[in-house]
Amino acid sequence: MSYAAGLALVTALTACGGGDPAGGGGATSSSSTSSNPTSSGSPTSSATSTTSASSSSTSTPAGRTVEVTITGRKVDPAPATVKLGVGEKLTLTVTSDHDDVLHIHGFDIEKNLKAGQPTTVELTGDAPGVYEVETHEPELRLLKIAVQ
Amino acid sequence: MTLGVLAALPAHGVGSREDLPLPFSYLLVGAGLALVISFVALGALWKTPRLRDTDGRLVPKTLALALDSPALRGIAVLATLFVAAWTLMSLVFGKDNANNPVASVVYVWLWVGLAFLSMLVGGVWRLVNPLRWLHAGLLRLARVEPDFALAEYRLGYWPAAVGLAAFVWLELIAPDNADLPVLRVAVFGYLLVGVILSLVFGRPYLRRGDAFTAWSSLYGTLSPLGRRADGRWVWRTPLHGPLQVGFDRGLLAVCAVLLGTTAYDGFSGESRWYGFVQGRSFPRLWETAGLLGVCLVVAGSLALAAWLSARLARVSWHGVASAFAPSLIPIAAGYLIAHYWSLWVWEGTNGLSKFSDPLGTGGNWLGTAGVTPAAALITPSLVAAIQVVAIITGHVLGVVVAHERALALFPRRAAVAGQVPLLVLMVIYTVGGLTLLFSS
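Which chain is which? The protein sequence lines are A and B, in order. By our numbering, the letter at position 130 of the first sequence is numbered 130, and the numbering carries on one by one without gaps. By our numbering, the letter at position 420 of the second sequence is numbered 420, and the numbering carries on one by one without gaps.
Heads up, a few of these hints could be off.
Covered by chain B, per the in silico footprint, the following chain A stretches (three or more residues, Cβ under 8 Å) [unchecked claim]: (1) 76 to 90; (2) 123 to 133.
Far from chain A, some chain B residues (derived; all Cβ distances over 10 Å) [as the list claims (entries may be wrong)]: (3) 20; (4) 78; (5) 127; (6) 154; (7) 158; (8) 162; (9) 187; (10) 199; (11) 204; (12) 228; (13) 249; (14) 271; (15) 289; (16) 380; (17) 389.
Derived by calculation from the structure, the hints in this document are not laboratory data. If you're wondering where the values come from, they're calculated on a predicted model, not measured in any experiment. The beta carbon of each residue, even a glycine, is placed where N, CA and C say it ideally should be.
From just these sequences and the hints, can you work out the full model?
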């Protein structure tokens, strides 16, 4: 997957809004934004991860939880691949120090990020493949989701 | 899936889906096979040169006649010109959104599709290249001889090497590269440069220097269909074509670009690489350096191995690296198939769907709007199998081509020892390629 994809997305917003063909396909997703980490709308977020200032990735019977923090051009934790079983749920919380757009390839998800406010997205693995999670301003790749 | 929800990301970007990492067991088996096959081949293969440009089994007469017939050639040229004109229409008048087909045509069809087609039927771009017909048309309009040239062409493959590297830079690094304004600059820039160079240097430029002709011709050497020395059509092995590639300036460079650009594409998906790059102040500068660096590493390592080989065989190292450069072609082809198979299936098909609505009016002018990619062709297990088979096959072919070359270049008693550095290098390339598929 190329960096170009992400770049292309910056302006090909119709693609982002309209949805990706390749993707998670029928994966269902819901999302919520909250200004308070502890009231994050995700039922599967674990207490430890939502209050953690940095980030963590935990696995619970209900699914996986991943938190990512963006400071300027720095992504914490460093980009990595999160494995997700087919049918498994991922709760992703992203906090950025600037306004941005979060885009999850293949799952038709695009969310506005407000500076300093954690944004939580839930998705369920469906079609096997690897999908990128990125932001647009600046173009940063946060992680990859490997559905297998 | 309706046309409206098709996303238009370029090339590997295309699609928002990537292949799952290669299972570790595949990596081990592939690497082991590459190692064993290489050194068994060293001892077991023939000891005197035996692949000749006169080899091959004549194709049936009707097929040979058809291949040379003006009718078939004319149809191929007209079909290509139609696709080119249709794409230009989309480029100029289409809507700048995700459903515009230009990005798919440029980044998927012209790149991956042309390489795959050429591997099957040979270097067709030399015949159908729209630049060639533009050049011929301009000369005819001006009532000038078709062989007209202002200067003798002496640049060999260099313009192609530069052009291919520039294309990959556009595809993988340039900002907003799926947007029409950027694509317009790229496409019209390419056409303008091509027309100028072909007017200055004449047809020899179009045969050697045009980037896509080189791309198609070099991968086309692997086709089972080829012309032997007397010009007749024959079926032959994918070993014969690469050995027929004659020396010209820039041959090592263009072969290194073939392998290096695909390797960079895999490498750039490594989370450690992009994690490092995206945190820098000028990420695109780093990426450009990475792309050029990978190509230079390929060229430099081949030159070094060739130099060592020449030393071991006690012959002059002059020209040895270029003589071995064509053995990179099958290895690059293996990488290419492994890396882009699912992209081709997925975005190649989606591109065909978008192609039916060139102006973004919601039309279905060609009746292909409803085509969807065949999911059965890109199941994870099939993709993993294709990746390993392609890379190992490319490796084996590369080893045998290098073996044959070594027999022709080196004195017989030194030919075995002289191959060892090249074999080691090919094993490194192959294990490296598998590792990229495993880890990125």
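Discussion item. Name the hints, by number, that the structure is in violation of.
Written reply: Hints 3, 14, 16 not satisfied by this model.
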